[in-house]
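Chain by chain, the residues:
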Amino acid sequence: MTALAERAPVRTRDRRRRRNDTRAALAFLTPSAAGLTVFILFPSVLAIATSLFHWPTYGDITFAGLDNYAELFSARSDFGPALLNTVVFTLLIVPINLVLTVGVAFWVASSRFRQLYRVLFFIPVVTPSVATAIIWKLLYQPDGVLSWVAGMFGATPPNFLASPSSALLSVVVVILWNGFGYNMLIFSAAIDQLPEDVLAAASLDGAGRWRTMFQMKLPLMTPAIFFATTVTLIQSFQIFNEPYVMTAGGPGTSTITVVMNVYQTAFQSGQLGEAAAPAIVLFVLILVVTLVQWTGQKKWVQYE
Amino acid sequence: MHKQDADITVKLTQTPFADYFTKLQSQLAAGTTACIVSMQSLRLPAFKDALEPLGPLMKKAGFDESQWNPGALKALQVDGQQYAIPYGLSTMLLYYNKDAFAKAGVPAPTNDWTTSDFESAAAKITAVDGKPAFGQSFSDLHMFSMLFAYNGARPVTDAAKLDLTNSPMEQAFTWYSGLATKEKVSSIPASSSDVPWGEQQFVAGNVAMAVDGDWNISSDATQAAFPVGVVALPQGPNGGGTYSANSGFGIAKSCQNKEAAAKAIAIITSESAQVEQAKAGTHPARLAADDAFFQALATATDKKSPGYAAQAKAAMEAASAKSVPFISTSSWDQTTKLIAREFILAYSGSESADTALQNVQQSSK
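Protein chains in written order, with my numbering: chain A, 177 to 480; chain B, 5 to 369.
Excised from the complex, chain A in its bound form (with noise of 0.2 Å):
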């Protein structure tokens, strides 16, 4: 009797406590969760419809079912070219990227200045990236300093953004040069954060340079390797700017992509449905590849 009597003062301020929980939990959610639906959900779900429909600028919108996807298929549809060359972009940017960053974060983590060079070869990143890319296609042009370079050489510098063959390796340099700081920088923070502990005891066992590089180093770099990867690909599935400053897509389709696709059907066409169908795959394609990696990274990722 006593001991019912006694806890159910204890079960209401239990309670008391949990809806003042539940409170405080709303409180400091609502924020996120209203920025959430009006900036993402909203717009993503009225994408979708978009896309269901004919949806001109101005003019009838007439509901269209998935003729807006089948027109992607079309013979003078952009988005062949554009999704292939995304891929491609993508394909030459994460690799390349990823290798020259660590590569240089090692380097850098080992000199005396890298407080310096952290600073240096992050200041592209927060340069605005239409500034460099006009820069750079100056550096490009058929009088600019690249081929006045190539001339002192004796060689005959290729008109680098007119021709379809150099057009798309042009783009990819800029957007190397361009995005490197980013990783660069979180790899640098991962090796300052190898414990010391881990790496003297490898070298008390006799472990060299390189395994140690390979086995210990690496390995424990993982989660900023993964975070890093997963960030460069979605990164690079939206390159956008810097083709459509330095080349408008061009010459022919040799450096559309998909985003640029997207505007131009919607700015340059006024077809709002039928960028809106692009968008929807490009979506679903970084939706997979980034559930891929994030499934995949169980058997490569090690977090200590």
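Treat the hints as calculated values from the structure; they're not laboratory data.
Warning: the hint list may mix true and false statements.
Claimed, not checked - Per label pair, the in silico range of CB-to-CB distance:
1) A/G472 x B/L16: 19 to 29 Å
2) B/L16 x A/I237: 30 to 40 Å
3) B/A284 x A/V464: 28 to 38 Å
4) A/L242 x B/K257: 47 to 57 Å
5) B/T13 x A/R194: 58 to 68 Å
6) B/F230 x A/P333: 20 to 30 Å
7) A/P333 x B/T13: 35 to 45 Å
8) B/D167 x A/W353: 40 to 50 Å
9) B/E280 x A/L242: 49 to 59 Å
10) A/L315 x B/T13: 12 to 22 Å
11) B/Q227 x A/L314: 11 to 21 Å
12) A/I410 x B/D167: 24 to 34 Å
13) A/I410 x B/Q362: 50 to 60 Å
14) B/K257 x A/R194: 53 to 63 Å
Claimed, not checked - To give an idea of the chain B side of the interface with chain A (calculated C-beta under 7 Å), a few residues:
15) Q29
16) P57
17) P60
18) L61
19) K63
20) S196
21) Q338
22) K341
23) S352
24) G353
25) S367
Keep in mind the model is a prediction, meaning the values are calculated, not measured.
Backbone N, C-alpha and C fix where the C-beta goes; we use that ideal spot for every residue, glycine too.
Given chain A's structure and the hints, the job is docking chain B onto it.
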């Protein structure tokens, strides 16, 4: 505006030209368009459904057709309906570097220059300078006006349909891209995103000749570091003349107060407004403001290039006499995007002229 009619206040919003039509489209989509919109003759077919035909409205606001340059009005009509009141009239002209011609010992161009005069001058100047004499472009007016002057080739039919694969067009475009690939007398855009090219290279002093509109007749001469001359475009045996284009003020269909908008347009295109504009360097659409334009041009340029204003007047008169409004299609923005992407392949010799034309024709909607 408010001073002249106390009932009307106009709020001015500005957008850079490169973004204007993108912005206008999204405003139309969102229903937030201003009452009075600026409209370019080339873009009119694409936007006419969003604009109010002005006939009765402007008559009420006291509009008198006879005071206007007929070509300027015609460029902003579709099917005989006036959709915008012009503030200017532009024709395409050939600008040249007087020093480069003198250096190569080539007589200066005239208003009755022929295509072969142009070619031989370009070849001589290229040989002397060691760099291409002519600045090519894939900007619609700059490029197509040269083709039109070559043999009357037109990219769009009278019914506003794209027609790039007609035989005169194939011949003219083969000639034009051949200036770079075969004759090697022209500088080609560095990339598909360099839509203005020839005229920029000209002002920078990199080429000796380029086509540009008369909207830059003052600035091209004052910005260049060399004496500039200007003439009508060189004509081929079947040359069609030159293209004209202009911009004007239209009224959005969504406008709540169309009569007030028409009154406002009458005020901003009044004779006194056009004279002010002419003094600022825009070739006016009202006949009465013409003198003010050439006087202002003389003041701005004659010290640096003596006789330039008189030459400009003669060139513009010669060009106007043979000018035809440039007609575009309802999906012109999409076509110009394709032109930039495909034509660079023809200019650089990666693709034949005919293939480039066919590709744009097939991919256009």
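Problem set entry | Structure versus earlier hints - violations, ascending order | 1, 3, 4, 7, 10, 12, 13, 16, 17, 18, 19 and 24
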